[in-house]
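Engineer: One-letter residues, chain by chain:
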Amino acid sequence: MRASILLVLLATGGCKSGTLESGEWGKLRYFGELVGVAPLLDTDDDLQLPLVLIPPVSDRNGNVYVLHQRTTNDSAVYVGQALGGWSRGCPPGEEPLPHTVDGDAYVHGFLGTADNTAWFWAGDALVQVSGETGECKQVLDKDPLTLTDLRVMAALPYIHETPARRTLNAWVQGANDAESRLPPTQVVVDLDLRRYVSYASFEPAVATCIDVLGVGGDPAESEGIVVFAYNLDDVRVAEARTLNPQGVTTRRIPLEIGSTEPFLCDDRTPEDTPEPKILGQIQASDSGVYAGLLSNGQLLSFTAGGGSAKDLPNFDVQGMVKDGGTLWVTGTAEDRPVAGEVLQSGEISSIIRWKSSEQAAANLQGKVEILDERYSPAEPVDWSSPITAIGTWPFITPYPLDTYAIETTGWLIAGPSFESVHVRTALAFGPVGMTVP
Amino acid sequence: MMTGLLFSVVLCLSGTANAADKAALIRTHGYVTPRFQAVFRPEARPVDQSRVGMTKSKAGLIFAGRIVPVWQFNIHFVVGDDTFAALTSAEPIDEDNDGVTDSVYTTTEPAIGNMVVESTVTYKPRDAINLKIGRMRIPFTSQAQSPNTDLMFPERSGPNETFLRGSDMGALVLTNLLDNRIQASTGLFNGTSTNVFKTKHQGVLYTGRVDLNPLGAFGFSETSEWAGPLLVGVGAGLIHNPYTAYDSAGYPTVSVTDTRYSISGRVSFYGLYVVGEYLRRQQLDSMSSRPQWGDGWYGQAGWHLPLGFEPMFRMGEATVDSSFDPRKTRWIDAGLNFYPAPKAKRADQVKITIHYLSENRVDEGERAQGLSSQVQLSW
Numbered sequence: 001m002r003a004s005i006l007l008v009l010l011a012t013g014g015c016k017s018g019t020l021e022s023g024e025w026g027k028l029r030y031f032g033e034l035v036g037v038a039p040l041l042d043t044d045d046d047l048q049l050p051l052v053l054i055p056p057v058s059d060r061n062g063n064v065y066v067l068h069q070r071t072t073n074d075s076a077v078y079v080g081q082a083l084g085g086w087s088r089g090c091p092p093g094e095e096p097l098p099h100t101v102d103g104d105a106y107v108h109g110f111l112g113t114a115d116n117t118a119w120f121w122a123g124d125a126l127v128q129v130s131g132e133t134g135e136c137k138q139v140l141d142k143d144p145l146t147l148t149d150l151r152v153m154a155a156l157p158y159i160h161e162t163p164a165r166r167t168l169n170a171w172v173q174g175a176n177d178a179e180s181r182l183p184p185t186q187v188v189v190d191l192d193l194r195r196y197v198s199y200a201s202f203e204p205a206v207a208t209c210i211d212v213l214g215v216g217g218d219p220a221e222s223e224g225i226v227v228f229a230y231n232l233d234d235v236r237v238a239e240a241r242t243l244n245p246q247g248v249t250t251r252r253i254p255l256e257i258g259s260t261e262p263f264l265c266d267d268r269t270p271e272d273t274p275e276p277k278i279l280g281q282i283q284a285s286d287s288g289v290y291a292g293l294l295s296n297g298q299l300l301s302f303t304a305g306g307g308s309a310k311d312l313p314n315f316d317v318q319g320m321v322k323d324g325g326t327l328w329v330t331g332t333a334e335d336r337p338v339a340g341e342v343l344q345s346g347e348i349s350s351i352i353r354w355k356s357s358e359q360a361a362a363n364l365q366g367k368v369e370i371l372d373e374r375y376s377p378a379e380p381v382d383w384s385s386p387i388t389a390i391g392t393w394p395f396i397t398p399y400p401l402d403t404y405a406i407e408t409t410g411w412l413i414a415g416p417s418f419e420s421v422h423v424r425t426a427l428a429f430g431p432v433g434m435t436v437p
Numbered sequence: 001m002m003t004g005l006l007f008s009v010v011l012c013l014s015g016t017a018n019a020a021d022k023a024a025l026i027r028t029h030g031y032v033t034p035r036f037q038a039v040f041r042p043e044a045r046p047v048d049q050s051r052v053g054m055t056k057s058k059a060g061l062i063f064a065g066r067i068v069p070v071w072q073f074n075i076h077f078v079v080g081d082d083t084f085a086a087l088t089s090a091e092p093i094d095e096d097n098d099g100v101t102d103s104v105y106t107t108t109e110p111a112i113g114n115m116v117v118e119s120t121v122t123y124k125p126r127d128a129i130n131l132k133i134g135r136m137r138i139p140f141t142s143q144a145q146s147p148n149t150d151l152m153f154p155e156r157s158g159p160n161e162t163f164l165r166g167s168d169m170g171a172l173v174l175t176n177l178l179d180n181r182i183q184a185s186t187g188l189f190n191g192t193s194t195n196v197f198k199t200k201h202q203g204v205l206y207t208g209r210v211d212l213n214p215l216g217a218f219g220f221s222e223t224s225e226w227a228g229p230l231l232v233g234v235g236a237g238l239i240h241n242p243y244t245a246y247d248s249a250g251y252p253t254v255s256v257t258d259t260r261y262s263i264s265g266r267v268s269f270y271g272l273y274v275v276g277e278y279l280r281r282q283q284l285d286s287m288s289s290r291p292q293w294g295d296g297w298y299g300q301a302g303w304h305l306p307l308g309f310e311p312m313f314r315m316g317e318a319t320v321d322s323s324f325d326p327r328k329t330r331w332i333d334a335g336l337n338f339y340p341a342p343k344a345k346r347a348d349q350v351k352i353t354i355h356y357l358s359e360n361r362v363d364e365g366e367r368a369q370g371l372s373s374q375v376q377l378s379w
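Residue numbers (my numbering), protein chains in the order written: chain A, 1 to 437; chain B, 1 to 379.
These aren't lab readings, by the way, just hints derived from the structure by calculation.
Any given hint might turn out to be false.
Below, simulated EDC-like cross-link-like pairs (lysine to aspartate or glutamate); rule was C-alpha separation at most 16 Å, straight line [unchecked claim]: (1) B:K58 x B:D102; (2) B:K328 x B:E366; (3) A:K322 x A:E407; (4) A:K142 x B:D102; (5) A:K137 x A:E95; (6) A:K142 x A:D190; (7) B:K200 x A:E407; (8) A:K355 x A:E24; (9) B:K56 x B:D127; (10) B:K343 x B:E225; (11) A:K137 x B:D102; (12) A:K322 x A:D286; (13) A:K322 x A:D335; (14) B:K328 x B:E161; (15) A:K142 x B:E95; (16) A:K142 x B:D98; (17) A:K142 x B:D94; (18) B:K328 x B:D295.
Some, not all, of what chain B presents toward chain A, calculated at C-beta under 10 Å [stated by the list, open to error]: (19) R41; (20) D247; (21) T253.
Backbone N, C-alpha and C fix where the C-beta goes; we use that ideal spot for every residue, glycine too.
The shape of chain B in the complex, shown without the other chains:
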């Protein structure tokens, strides 16, 4: 509802601007990504041991525009990506008629979680600096800055999603210096994408990120865009999220400080793209004397070969709860991207992906392996 309203307001604004300013411009982008996936978990319950079907398919629609030269907007909707089972009914069951509820009969329906990936207004008084406000992905890691359609693999790496996933509401100041050789951002967010923010918490998430590209502009696309000579990028991101938890009566109980940082390195060279990142988290609070530590890393590489083929490989690992009961997960991904329309405006406008994925819960002794294939059409 709110999303639709926001979208209508933006469209109305754009219409007014069109009439008032010849420079106004609205562009529509989008993508459709049907995916077939088969996942096998031999050690799981029988019902979970194999999942085969069209899962995680998604479609996105992006409206981007400029009302006047200094005011721009971007709205990105995605559907089908993040569904959950919504409870539609619950009925207590007393199997033996002893007045005690033995179980609860429930029915669920799939529902869409958050369909707004980005909804931002950008104020850009100069080329070198701009202010972005609204819902957006926090630019904490290199991969978090890659648009959904520009990822090498169908999904971001497991460690990246362990430390930060989804988008959040906030404000971000971005700067580009020396012809994009230095890119930096700093901002404030609500903290809803850190997986710790709940309704009884109040706090602000501070973020900062610096990327240095000494050999020239080096964006965050992971696809075959980088067909030229050597480019190198290093970067670091920081998230600091202090918040206070309150009890049901509204009184403060615990002060928590959640700090995460990431360090990344990237190289591209005539179609070869390599990226590696290290991530770390520490959470302290005023009550428990039990710090929560976690760290992880991943490395991935893809090489865009002639005839539109791109073999790719990724490996990553994340360990959480290191301070009391470490739990390690290891991911290995490999696959092949095929770009059948290399003559298109961008080679990755049509992308076919075949992908092998494995997840090894090392400490829990459970493995999952799967295959997926997807077609991505973007315009």
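With the rest of the complex left out, here is chain A:
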């Protein structure tokens, strides 16, 4: 009997075998060269454009997805299959949202994944990507009844998945209405049927000059979040709404972001949108605090009762991460990665050095073996001291990080770069152990 137990333990290798230590990298997979330079190498005085990459996500079958905002202001998505090999990159052919200005994100991030599919929102399109083939296509390009060209003004990054169907909430508009910033229609999109299955009109119907500032999702509460601003009775109103999987608005949360002076959007020479946009996505803690970084350098935090934009503490805030139900604001102080907890009040606690991020960066020093999967058969190659391809340190991003495995997420690293008209940088995906201070 003892021998049997020993045999079982040896065979299964203990309870947590196969996972990575904090800062430890798994197999690094070289999948292509993309136009742009790593953010760390991007300086104000050169003419090269930085790489704009969203943190990769994985599906249930183990396929990984890399989303790239190209220098042509559109997107391409790459799929790394669970058992090896990468797709060549699929551009879904979206267009920028109306009224997008320099500095706004064209690619809004991943919305979620299922068994072998991922969905993302880029420009005016909701896009699905197959983990089996790498094919991408727009989900709600046209109204199925009127064939009106639709703009996805907001796609909420929470996918409600059951054995029977997968749905998410979105705000859509016809192209002309979007141009005029008229009220959108709130729809529940059946991602398998690739059309909306229920819709509701925007309230208040007399609102004008509507601008979506950002979106978020809270899987723990099965809800999507949208933050937006509009004119109503000569007052500029900022608001957050939470939506349940049936497309019902469950909460309307008043926010204080910028001025309450109305925004003149109907003029032939409209002003820029007065409110700052949310960088990345809004994230929610288990205690009911929602937070997102704003493009003006502030932090937007709110609870069900309301909230406001706040000035950030005196460190270089660049990202946000959720761990164990707690939200942390991340960034750098004295050129080292740090994190500060978002408290229930919406304030930031004192910062702590983020050793996991430091360790991940340190583990890329020297000669690093990479598996070149651009062609078959895959071959190992060596890169000399590759660096993070997203942000200034590993894990620092305003987008939610993927739960790739227990205490592990996926990340991208940048290797050698090549000059051919534009600078192209070699990129690799790798799982990496991550803990938050």
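Since the structure of chain A is provided, determine the placement of chain B on it from the hints.
Structural biologist: Then chain B, alone, in the frame of chain A:
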């Protein structure tokens, strides 16, 4: 086609043996099980919210025989059990005539998946040991060793089917010691029933199972066969399936190791039969640094009462993908078996079952409930 050919060969062999050896023997068994089932899923799409009808009905035919005393065979066909929608046509549709395919119009027909449950040849040089080769159910769990007709409920438990379902091609050495108090088996299989084996994979599945029955022979029938005094059985099973995946060009990409084990305990006492099993799985590979863990358990009990009634209850749970996004499913089954012909050679030759079943996808928030009734005639 291959099945028919194999069957013909076996019949030819048996005919030759009949002429050559007076000991040759062929027995034909079978069963017919029509089933009415109503399943309700309130949270599903309207088309899936209720399914009512004669579903999962099946009929089986078993040919078993002995050519010479040491060479035996067993062939078990089942039809109607495992159908799938086979694609019979596909047509691209360009709804707005813009040269882009908007959808694909398809038609399907129900088709039978794998109708061979078992097709084995057994070499039995001694009573205590035998070698079995061919397609068979891998004896990984206690329930996997129960014949289809000897199950307490119409189907095996959900956790059992999550960790291993169907049959597979392989070779198995079985031994019975101390008058069946110790039963053990070990073997090699292709690995097609583990739900991970695909055409671009190559590997061998190793399996082992030990059952200890200290109070006497204790087979794996779950029906009313166990009408005598106390019997106890404990067992453990192991599956180890290392394989290599290859890319489309034929080069190796990933090495995978899939390991599963099960532990079971069983008791019978004057018509009461209780079984419980725990199952666990871990899959590791050389690429992902993402282990796949899953575990599950179930317990079931049935009590054969006078007048041929047997109330029964089963509960089970399985959690998969525990290492990154756990997904738990919980099953509860309850029902009543009625054996209207207790004087037959075996009481379970005629069995009428009324069965309530529920499946709760805990993390996905979807529930299904249903009722089924079936009649099983076996001979």
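Engineer: Are the hints correct? Go through all of them and say.
Structural biologist: Here's how the hints hold up against the structure:
1. B:K58 x B:D102: 39 Å, violated
2. B:K328 x B:E366: Roughly 11 Å between the alpha carbons, so the hint for K328 of chain B and E366 of chain B holds.
3. A:K322 x A:E407: 12 Å, holds
4. A:K142 x B:D102: This hinted pair holds, its Cα atoms lying about 11 Å apart.
5. A:K137 x A:E95: With Cα atoms ~13 Å apart, K137 of chain A and E95 of chain A stay inside 16 Å; holds.
6. A:K142 x A:D190: Holds, because 14 Å separates the two Cα atoms, which is no more than 16 Å.
7. B:K200 x A:E407: 31 Å, violated
8. A:K355 x A:E24: 12 Å, holds
9. B:K56 x B:D127: 37 Å, violated
10. B:K343 x B:E225: Answer holds: K343 of chain B to E225 of chain B is near 13 Å, not above 16 Å.
11. A:K137 x B:D102: 11 Å, holds
12. A:K322 x A:D286: Distance of about 9 Å is within 16 Å: holds.
13. A:K322 x A:D335: Status violated; Cα separation ~22 Å.
14. B:K328 x B:E161: 14 Å, holds
15. A:K142 x B:E95: Roughly 12 Å between the alpha carbons, so the hint for K142 of chain A and E95 of chain B holds.
16. A:K142 x B:D98: Within the cut-off at roughly 13 Å; holds.
17. A:K142 x B:D94: Answer holds: K142 of chain A to D94 of chain B is near 14 Å, not above 16 Å.
18. B:K328 x B:D295: Measuring from Cα to Cα gives roughly 10 Å; hence the hint holds.
19. R41: Since the shortest Cβ distance to chain A is 7 Å, the answer is holds.
20. D247: 5 Å, holds
21. T253: 3 Å, holds
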